[in-house]
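If you read the protein sequences in the order shown, they are chains C and W.
Residue numbers for the first sequence follow the UniProt record's numbering, so the first one is 1 and each next one is one higher.
Residue numbers for the second sequence follow the UniProt record's numbering, so the first one is 1 and each next one is one higher.
Read the hints as simulated data drawn from the structure, not as lab findings.
Positions of the beta carbon are idealized from the N, C-alpha and C atoms, including for glycine.
Be aware that a few hints might be false.
Beyond 12 Å from chain C on every Cβ pair, some chain W residues (computed) [stated by the list, open to error]:
#1 K34
#2 E39
#3 F112
#4 D118
#5 E148
#6 A178
#7 R193
#8 D237
#9 D251
#10 Q294
#11 A344
#12 D362
#13 E397
#14 G400
#15 E409
Simulated crosslink set (BS3-like; lysine-lysine; CA at most 27 Å straight-line) [stated by the list, open to error]:
#16 W:K406 with C:K205
#17 C:K10 with C:K84
#18 C:K104 with C:K84
#19 C:K107 with W:K366
#20 W:K338 with W:K369
#21 C:K205 with W:K331
#22 W:K170 with C:K205
#23 W:K406 with W:K34
#24 W:K331 with C:K118
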Amino acid sequence: MNHLGFDTEKLKIGSFDFTCCEGCQLQLANKEATLPEFLALLDIRNFREISSERLDDYDIALVEGSITRSDEVERLKAIRAQAKVLVAYGTCACFGGMNAQKNKFPKEECIRTVYGDKEIDTMQESHKISDFVTVDYSIPGCPVNKEEVERIVVSIATRSPIGLPKYPVCVECKQRLNTCLFDLGEVCLGPISRAGCDAVCPSGKTPCLGCRGPADDINYASFTDLVRDKGLSTEEMREKLAFYNGFTEYLNHEG
Amino acid sequence: MKVDFNIDIHHLPRVEGHGDIRISVRDGKLADAKWAVVETPRFFEVMVKGLSAERVPFLTSRICGICSISHSLASIRSLERAMQITPPETARVIRLLAMHGETLQSHALHLFFLAAPDFAGTPSVVPLLQSHPEVVEAGLMLKELGNELSIATCGRATHPVSLVLGGVSKAPSKQRLAEIRRMNVERRAMLDRASDFFMTLRIPEFVRETEFISLRDGESYPYIGGNLVSTDGVVRDENDYLLMTNEYTVDFSTSKFTRVSRESSAAGALARFNNNFDQLHPRAKEAAAAFGLQPVCHNPFMNNVAQLVECHHIVASTEAIIDQLLDDDLKDIRTSYKPRAGAATGAVEAPRGVLYHYMETDENGKVVKADCIIPTTQNNANIHHDLHALAEQALAEGKGEKEVEKLCEMLVRSYDPCISCSVH
């Protein structure tokens, strides 16, 4: 099989979902113009959302979602045992995601509010998958960016080096010639979040909420100074930093 | 011949989320039939407590990767009503176009990727790429059209970025709108080709009379807001959603069940069709007639056809909506507001049916209480009772284990369930 000039074996791939909205898996079915070509690269062995076939001889596992229940840990470990390469796919898998918003409430309160007296199994915290298994590659994003997924899957197939942008969203936002949201009076996490999304949120005039987590070597002190110097709300900044659970260490940092 | 068998489908494939079908047959008779949702709860109603209202739609849109625009707009509608914010007319039209994009994308995904393989006897859409390439191409191009509408109106197809309280944060460019209008005109032929294909498929004959619930405003086919109505004649105000849902828990499902006038009820494309047939575009009515679909239809498998009819309605109405925006200066798109205390329900017609978000805010605009009731939650009980009736009918017709299993899988899929969304 030939793809983009490379001769490769078809990748035996499985896609698996845990606690999540399955939006990242949906991205695999998007970008319709290149979808048949992308599918031609793959031998889909197990992908419950689109196929009834369930075969366990996959080499690559794409894992979506966070871990919030004990039975998910066992299923995740079984997937890890089979897969030669395990990819954490999306913000929930990479960081615990917005599911971690429930962490601030005792689980008993969560259960009582939604289910009353019914017994429900749930963990106190929403976990990223690397809390339980070794992860070979991470593709953050809520949802993931299909171009990036295609690039990384093709890189795995062609054994090319894989990397995420190290620079922040601000760089991509400037390239798109957007008005800075700080100048419009908004707290935006663009200066400290990892790029690779083409600054999709600030380009829609909506502040970045950091779904791709921190960029490499961020200047967090300078970012908090910026928020204060602009006279913006520190409370709002903290709400945004906590949104996807990617900035926990920085939140704790500040105390 | 008297037979014993168990059907135990763990994590039903080609649906969103995790649900099991459990059926047991003893001496050739149905002993038990269950629709069991085993999805992990996520507790969205708790997560939003204490969150600023303006951030809430960005959180609740993550309830669902397929209908994130509906979730976003349901939260926005409930919070705007709670805090007495009136968005500009231009924003209202942009939001309607966003709903059209999402519904088209979602219906195309369901019809071509999830349901069609059942009717064609293949495990997934992949073999159809070889056997029916023109049909898969039509499906992909319709799905792409839906996504392009969503991207133009929301900044992104999944998890919208520009749908905000008070309106929209950025208007689509006129150039983009004109391009999508051309794309829409070109792709009418794709929809006709898809309809021809679906016309060749055999829809199982199964009828269990039920109550269909949807929105209705009496002026247009329903998308955002309106009265809550049922085919049994119930009419409620949007804020009285609890009387239209009556949620309860069952021990074999992490998702709740609901009921109104009967033991169960149904939401979704067929419910909208049954309650709002008169509001469909003439081209959609023609499509329905070609399939012999008339209100009130009680065959749940016809939900697939109702989705196709809705695709006709969307493609036929999109050009007029875009023309309205092309005539607009697209400047008045967002109203500023002050946070205030309030409470209200926002109901929208998500692709899978009526979706309710109820929100209460304090004087600082923080959410203090929330409730979300998702279409699949409202369909769970109907799926559950349908499974029972369908399995009994199939056994009476002398069908064997494999045939019963396949029919039951198809039945659940025909509801296009969004299981992970239905569980909190």
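Now the hints, each set against the structure:
1. Remark: the non-interface label on W:K34 is consistent with the geometry, its nearest Cβ contact in chain C lying 17 Å away (cut-off 12 Å).
2. Annotated as non-interface, W:E39 brings its C-beta within 12 Å of a C-beta of chain C; the closest such distance is 8 Å.
3. Some Cβ of chain C comes within 12 Å of the Cβ of W:F112; the nearest lies about 10 Å off, and the non-interface call is violated.
4. Chain C draws W:D118 into its interface by the beta-carbon criterion, the shortest separation being 9 Å against a cut-off of 12 Å.
5. Look at W:E148: its CB is around 10 Å from the nearest CB on chain C, not clear of 12 Å, so calling it non-interface is violated.
6. For W:A178, the requirement that its beta carbon stay farther than 12 Å from each beta carbon of chain C is met, with the minimum near 20 Å.
7. Against the 12 Å criterion, W:R193 stays outside the reach of chain C, whose nearest CB is about 16 Å from its own CB.
8. The non-interface label for W:D237 is consistent with chain C: the shortest C-beta to C-beta separation is roughly 25 Å, beyond 12 Å.
9. The claim that W:D251 lies off the interface is violated: its Cβ sits roughly 8 Å from the closest Cβ of chain C, which falls inside the 12 Å cut-off.
10. No beta-carbon of chain C is positioned within 12 Å of the beta-carbon of W:Q294; the least distance is around 32 Å.
11. Separation of W:A344 from chain C is adequate, the least Cβ-Cβ distance of about 20 Å exceeding the 12 Å criterion.
12. Distance to chain C confirms W:D362 as a non-interface residue, since its nearest Cβ pair spans about 14 Å, more than 12 Å.
13. Its beta-carbon lying about 24 Å from the closest one in chain C, W:E397 satisfies the requirement of being farther than 12 Å from that chain.
14. Remark: the non-interface label on W:G400 is consistent with the geometry, its nearest Cβ contact in chain C lying 19 Å away (cut-off 12 Å).
15. Look at W:E409: its CB is around 8 Å from the nearest CB on chain C, not clear of 12 Å, so calling it non-interface is violated.
16. Distance check on the hinted pair: W:K406 and C:K205 sit about 48 Å apart at the alpha-carbon level, beyond 27 Å; violated.
17. Distance hint between C:K10 and C:K84 is fulfilled; the C-alpha atoms sit about 15 Å from each other, no more than 27 Å.
18. Using a Cα cut-off of 27 Å, the hinted pair C:K104 and C:K84 is violated, with the two alpha carbons roughly 36 Å apart.
19. The hinted pair formed by C:K107 and W:K366 meets the criterion: a straight-line CA distance of about 21 Å does not exceed 27 Å.
20. Annotation: proposed proximity of W:K338 to W:K369 holds, straight-line Cα distance about 19 Å (limit 27 Å).
21. With a C-alpha separation of about 14 Å, the suggested pair C:K205 and W:K331 falls inside the 27 Å cut-off, and the hint holds.
22. Distance hint between W:K170 and C:K205 is fulfilled; the C-alpha atoms sit about 6 Å from each other, no more than 27 Å.
23. In summary, the hint linking W:K406 to W:K34 is supported, as the alpha carbons are separated by about 15 Å, within the 27 Å threshold.
24. Our distance criterion of 27 Å between C-alpha atoms is broken by W:K331 and C:K118, whose separation comes to about 50 Å.
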